[in-house]
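Colleague: Listed here are the chains, written in short residue letters.
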Amino acid sequence: MSLTESPEIISAQPDSKTRRYDRQLRLWASSGQTLLEESRILVLSSSATSTSILKNLVLPGIGHFTILDDAITSAADAGNNFFLEGPSSIGKRRASEAVRLLAELNDSVTGEAVTSTPVASVVSSLNFLSKFTLIITHNLPPSQLQTLSDTLWSSPTAPALLAVSSSGFFAEFFIQHHPHPIIESHTETPPSLRIRDPFPALLEHSKSLKLSELDPTEHAHIPYIPILIHARSLVPHDPKTQEEKNAFKTLILSLKFKQDEENFDEAHAQAYRVWTPTSLPSSLTQDIFPHLDTKLAPPAIPGIMHALLTALRRFTEREPHVLPVSPGLPDMKASTETYIHLQRMYKDQFNSDKEMFKSLIPPNPGEIPDDLIETFIRNAHGVQVFVGEQWGAFDKDVNRVGEALVVSPKDTSVHLALRAVREALENSGASEGASANVSAEEIKMHIVGMLPPDTELGEEIDKAIGEITRSPTADLPNTAAMLGGLVAQEAIKMITRQYVPQGGYCIVDCIDMRTGIVGL
Amino acid sequence: MAGSNGIASQDWAGRYDHIDQILNTPGPRTSPAFMAGDGVKDFLRNQAKILVIGAGGLGCEILANLALTGFKDIHVIDMDTIDISNLNRQFLFRPKDVGQPKATVAAEFIMKRVPGIKVTPYFGKIQDKDDEYYMQFNLVICGLDSVEARRWINATLVNLVDPENLESLKPLIDGGTEGFKGQARVILPTITSCYECSLDMLNKPTAFPICTIANTPRLPEHCIEWASVLEWPRVHRDKKMDTDDPDHINWLYTVASARAREFKIEGVTWSLTQGVVKNIIPAIASTNAIIAAACCNEAFKIATSSAAFLNNYFMLIGTEGVYSYTFEHEKRDDCPVCGGESLEMSIGPEITVEELIDMLTEKQDIQIKKPSLSSGSIQIYLQAPPQLEAITRPNLQKKVSELLPTGGEVTVTASTLPFNLSLNITYK
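Note that the protein sequences, when read in sequence, are chains A and B.
The opening residue of the first sequence carries number 555 in our numbering; numbering runs sequentially from there.
The opening residue of the second sequence carries number 54 in our numbering; numbering runs sequentially from there.
Any given hint might turn out to be false.
Unchecked claim - To give a feel for the contact side, a few chain A residues facing chain B, derived at Cβ under 7 Å:
{"id": "1", "residue": "581"}
{"id": "2", "residue": "630"}
{"id": "3", "residue": "995"}
{"id": "4", "residue": "1024"}
{"id": "5", "residue": "1035"}
Source of the hints: derived by calculation from the structure; they are not laboratory data.
As the structure is a prediction and not an experimental result, all values here were calculated from the model.
No residue lacks a Cβ here, since even glycine has one placed at the ideal position from N, Cα and C.
Given the sequences, and given the hints that come with them, work out the whole structure.
Modeller: This is how it looks when you write it as structure tokens:
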């Protein structure tokens, strides 16, 4: 009997926590999960929208959430909020009921209801707010939201703010954050294979291939990467004109022994890599490197991140101005031996680039864990710093708003209508969630105030005003659930520092069922 | 007081204050058919009957949204039981429910949490139910992870349409998610593009050629496929592999790891082994919430006419910002379910029946597993019953051109799909 017929079975089934989180660990791995479990979220409301957002954060396992809200559950709340128990919750503290029912979703999450402190008293308390990772608001009156935003904007280490606003079928949200570095952006652009600028070992290996001397089986299993580099060594310069490119492709096919050699077909299909320059991503060369000594200098971003980005800049300043090699290799037609050999070459280069990279790290931030350096290099081609502006800055610039109305009238009209309805509701003194009438004239007045003088309002503004005055204070279950998902996705991206959050105001129109971005 | 659906009203004053803001007044884009006020509320709360297919990631969200929106007569079908890996998103389930039927537990939870809602569960397959069953609903919402089940319900609802009877047209709202991405769509059977019309939009499943798995493994996935596709049947003979059995995964993991070591391939892990053999798709609560909300919002707009509904496809990508695209997917005239025209297929004169069958299985816009082929009275190849399969088997090696003149019509059927596909074969 061979070994595989009676193998010593390895019992490696993961523990119950890993099994519970399996479907999300496949997205953000244990590194993301750890950050999620360390996070503390503050939500300044227990509306249907707020509890929908929290549900989608408690389930994947944030560490802690606090709901700060002194509202008493109304009949309407008991009807539209899944985290209240119908009529039996009416008259009780809404936040306490919500925390109890949300906490049931996940034993490893702690929740707290703060019902005796008015929101107005915490929005200016940087001390209190700094205990949290992220602050989420829903339909907060604009004056309080402005104070909260100012408080959080004043300190580079203050938590991010996710401000959500909704009325009926319309909604929007905005992430206010300080420069937010993302190492694992999960970009769909793969790292360079360095076919155009092969590193020395790869170049030597490819040039030395004696293709015509190989036996037919070996010949049909040479990976396309060395084939391309080898073929390039047979022509005097990089193919530039269409003619030269076609000739190069013909050359590749002429190297075939037999018609059905798929590795040469792959090389033919990938030939463009020979003349496409290995350019550095603009997210590094334009958005990060020039600003490392100015707006991205610590404490704007953490010292360790700054040191890694500085080392990367120094690395790319050296010839041949490329990123460190990534050790991952896509699958390609090859024999096991040739593929593993090629993979080894990339790994060796990765390791030597890593040593070079480490020697370029400035000494000041202290010890940086080796696995962080490795993760950083592996993902270097997708590294980003997500830079944003303060909540409301867009709206204070009438010219930007006016321009946005011309460029994207639908989304901008929804945004203006939502801003206007929040103002109007605050002015009328209506409490959150209670029915209130808002007149079209009043909404229009607020909108006109946000636009350059004599702006033509247009049809989209009229439609948005009509819709917003139909249901100014409605927190519809479906809109709430939609925001619950969209806002939680963004919150998870911010907390795990993986994937790329959305800048500007994200507008949601549940009538046309579309989303758009305003003020980016 | 009981509505016409027999459900006693437990509404308290103010219960629907939020939704009534919409139902009391038309908006600027609302259709003139909208019966603002009591008419529409009575229909939504006392008459509408809605079917939810799937009580998993999307289904849990859909049930909760429908209940809060005021649909009071909800039916739910699901054939699965609860697994621990469901608990990171299927929020109506708790650890104590593991092993219980999803439909039953979800229905009970909703009825307990949202008073006055009747949820009728069915723990079983959609294929168990007949046309009469599907006729009773006003709307169907699907939150499924299976292409096969979606094709079945889509074809069933298209077949149900009787032009003489408007009630026979059941809007189908379909949602699906994968990681941070998802889509929701509205299908008006026979009127708008159906699920079958868009089959070519599906991602092609990753398939590794057997020769790579057997001879030139390069990736950890190749080693795992070797363990599950080649080694399991060789060693265990007729014993069926159960991908939910951790002992089976342990065995596959062990065998795959040994092969990986032999070939110096890195990266075989338990989690990857399980992911490959179960074809696991990442899933999170937030994406399900977005897509389920989009589906239920369409159900609400269709049931009440309170606002225009989606025409007809919404897709969302949340990995890089919030990107979405709303568009009208077009009906296909040669759609085998709703198109009426036969599908043109041009093949080489040397193609055998067996090769034609492989093409039908693999072609993106067809994807029919185990098809049976006939043309008029000629039985080309039948998968079942066994006697007919044996009689028609010799045809597999014959050229199609020997059996059929150019322009010949081939009828393709499969036991898993409730429709026939007509092919018009010509030779190149």
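Colleague: Indicate, hint by hint, whether the structure satisfies it.
Modeller: Hint check:
no.: 1; hint: 581; verdict: 5 Å, holds
no.: 2; hint: 630; verdict: 4 Å, holds
no.: 3; hint: 995; verdict: 16 Å, violated
no.: 4; hint: 1024; verdict: 5 Å, holds
no.: 5; hint: 1035; verdict: 4 Å, holds
The structure fails to meet hint 3 from the earlier list, while all remaining hints are met.
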